[in-house]
Amino acid sequence: MTSNNSALHPGSYLDQQGKYKGILGWLTSTDHKRIGILYLMCILVFFLVGVTLGGVMKLELLRPGEQYIDAQTYNGFFTVHGVIMIFMVVIPGLAAVFGNFFLPIMIGAKDVAFPRLNLFSWYIYLVGSGIAVLSQFGGNGAPDTGWTFYAPYSIDSNTNVTTAVLAAFVLGFSSILTGLNFIVTIHRMRAKGMTWFKMPLFPWSLYATAWIQVLATPIVGITLLMVIAERTFRIGFFDPSLGGDPILYQHLFWIYSHPAVYIMILPAMGVVTEIIPTFCQRKVFGYQAIVLSSLAIAGVGYLVWGHHMFTSGMSDFSRMAFSFLTFVVAIPSAIKVFNWIATMYKGSIRINTTFLYTLSFVFQFMIGGLTGLTLGSLATNIHVHDTYYVVAHFHYIVFGGMGFAFFAAIHYWFPKMFGRMYNEKLGKIGWAIVFSGFTLLYFPMFVLGLQGMPRRYFDYLPEYSVGHFISSIGGFVLIFGIIIMVFNLIRSARKGELAPANPWDGKTLEWTIASPPPLENFDNDVVVTEHPYDYK
Amino acid sequence: MFEGASNFAKGVDGAFLFILAISFFFLIGLSAVMIWFMIRYNRKKHPKAEQIKDNMKLEVAWTIIPFLIVMLMFYYGYVVFKPMRIVPKDAMEVNVTGMMWSWKFEYANGKITNELVLPVGKAVKLNLFSPDVIHSLYIPAFRIKEDLVPGKENYMWFIPNIEGSYEILCAEYCGLRHSFMEAKTRIVTDEEFQKWLAEPTPIAEEDKGLAILQNNACISCHSLDGSKLVGPTFKGLFGTERTVIEAGKERIVVADSAYIKRAILEPDKEIVKGYNPGMMRAYDKVITADDIKSIIAYFESQSKLPK
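Line by line, the protein sequences give chains A and B.
If you read the first sequence in the numbering used here, its first letter stands for residue 1, the second for the next number, and so on.
If you read the second sequence in the numbering used here, its first letter stands for residue 1001, the second for the next number, and so on.
The hints are simulated quantities; they were obtained by calculation from the structure and are not laboratory data.
Bear in mind the structure is a predicted one, so any value in this text is a computation, not a measurement.
A hint or two may mislead.
Mimicking DSBU-like on lysine-lysine, the simulated pairs with C-alpha atoms at most 30 angstroms apart in a straight line are [said to hold, decoys possible]:
hint	chain 1	residue 1	chain 2	residue 2
1	B	K1249	B	K1208
2	A	K110	A	K198
3	B	K1053	A	K192
4	A	K428	B	K1044
5	B	K1048	A	K346
Using the sequences provided together with the hints, build the complete structure.
Here's what the structure looks like:
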């Protein structure tokens, strides 16, 4: 196998391929690595848009009363912030960027099973995102329903709800097709000798994720179509004044949108399970337990959606059953945390920016998970349901979890993707600011929620001022940190030191080929004989 | 925060403390182990990793033990929650209507108010209704919350334990003025409550008009103090001239009785310049002709006040 140490070695996937040059060459390429980069660029742009909206909201909430934006604008902002972050950043997130780039390489394949379908998925993503952006302008203004589109408010609101819902519908297809592609790829294209239980754990987590994408996304697709039909043709599915049932909407919405949280977090767990063994130079502890817990999360995660509806008037038996199942799904997550920490035991730990993001992931994921227990318990849920406690819990899981895993992944695989090293010193400074900003921003929200501060409030009572003030300051610190991190990555991609093929002494297949990888990944057919984490 | 302001507060807080204490134990324990490993097995000190074999017993242990702990949490939460849904037979019933964007409380004797006045130490059942979208009645001090779902009946109950005034908030997002959908609950002695309950609702025509404006949530969008909300303010309305747009054409009208009546029954026909159509429903089967008279009487009385 090649071990070319030059980033500018001929035949890298960054060189011209196909008949088109420049940007057109990228837009027509079916190379899984290029598609991964296309997703990365889009997600980076949308992430920064979502961050900006969040920043403006934090500025407005710095002090009670109306400051810079009015209530309608604020309601539009938290809706758009949610739609962008959930449907365009976090759900595609790790799977679309790093899944596309590394899944085929890690299982020793030349590409995914359906390369053209893969490019088509990206175009669907682009169209869906375009519609979402469009919903912000024209018509009667930005949608103001929250990203959950709860009926009957979403049926009554005269803002651009239909456009936003259509965007989420279209984005769903991109997700389904990517999931399908990954399932077939994993089943059919593993290298010779790579049995299921010799497959690395990031592909395993993508496999569990892909099944949720394929099986759960159609439900939200149909539900969103029903909202459009109800708004356009006044068919009474959900609005009681048309003979519909608003609770039915909540069931259908959460049957997808709860598993969607696992679509977000499973690949994040997979990434962390790759990084920890590499940076500890240790065989991952409890490989099989980690695989089984991924599958258990995907399975049981399907059955817990009702915990979003504990105060909805749902039957008391349903409340009990969903509370029970919610506690059951906590177990596989706990098993993963124990295994990660056990993998560090007697390792040889290298602490750099990548690993600091990984450790912050584990820490924040623990806080997010443990506060989930108080939300799953019926008695305590009643008090903190729909308050800032939920906002804090959710952001600890999705941003502190998935977001930080994304930051860890982009640093971990940066040398492989761009053939250059990131600046370690600036990276560590960026991490320190991002981590402190995150904690200042979201931790006070737990306290606000316990004090009874409801979510989605444009204004608040004076007793909640202190918490909001600290949280807003944290928001500004976090944005500053993100700017440093992004600056470091963009600069390093152009000017960083050239990266060797295997800068972290990793064992999985992507570290056996040149940085950046050649067009078809491997020169010869790969034969796997060892376990993926066989450190000696 | 209030200590035990309702019969459920102590139970909920107890369950919280129980779960949080165990959570803190695990969070601090696991983080400490992680930091200790980082220092102890840092590559500078520990250049060569030792390979550890998987341990089936350990995996089983850290599956079973957390499972037992969370089952305990589930059971505790369920036991405290269960009585919240079982209303005592002697509970006093109050019908609560949450609408965009105000609260209305109706007592058994027909008294309607915007403030929830309750006797201390007595069980009360709130029957929850919504005419428009989903709202959620939340009294943080009492640790209770339940949604008001249009087209469905829902309820909650509690016993207030301490006299005082507490915030009622809307916890389910319901549109433009969601964050302003507040009310107060005032807990008084039984004697005071009976006296308050017996007081008749205001009888003067103009007072009745104001009560109708409050009960139909008109003042959520039309302020009484001159501030601009979704719709134009009621302040200084009666007898003044205003520019309206009817079928795309601007004209000037005087806000007399006939205009006010039209504006209530067909709000989208003449739109005051600077405001959006489609924001207000027609009130033709909701507010009776008599009630409209009272509303006009209220506006008229306001215009006679010294400016």
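Hint-by-hint comparison with the structure:
1. Restraint check for B:K1249 and B:K1208: the C-alpha separation of about 35 angstroms exceeds 30 angstroms, so the hint is violated.
2. For the hint linking A:K110 to A:K198, the alpha-carbon distance of about 18 angstroms falls within 30 angstroms, and the restraint holds.
3. Annotation: proposed proximity of B:K1053 to A:K192 holds, straight-line Cα distance about 26 angstroms (limit 30 angstroms).
4. Restraint check for A:K428 and B:K1044: the C-alpha separation of about 18 angstroms stays at or below 30 angstroms, so the hint holds.
5. With a C-alpha separation of about 9 angstroms, the suggested pairing of B:K1048 with A:K346 holds against the 30 angstroms cut-off.
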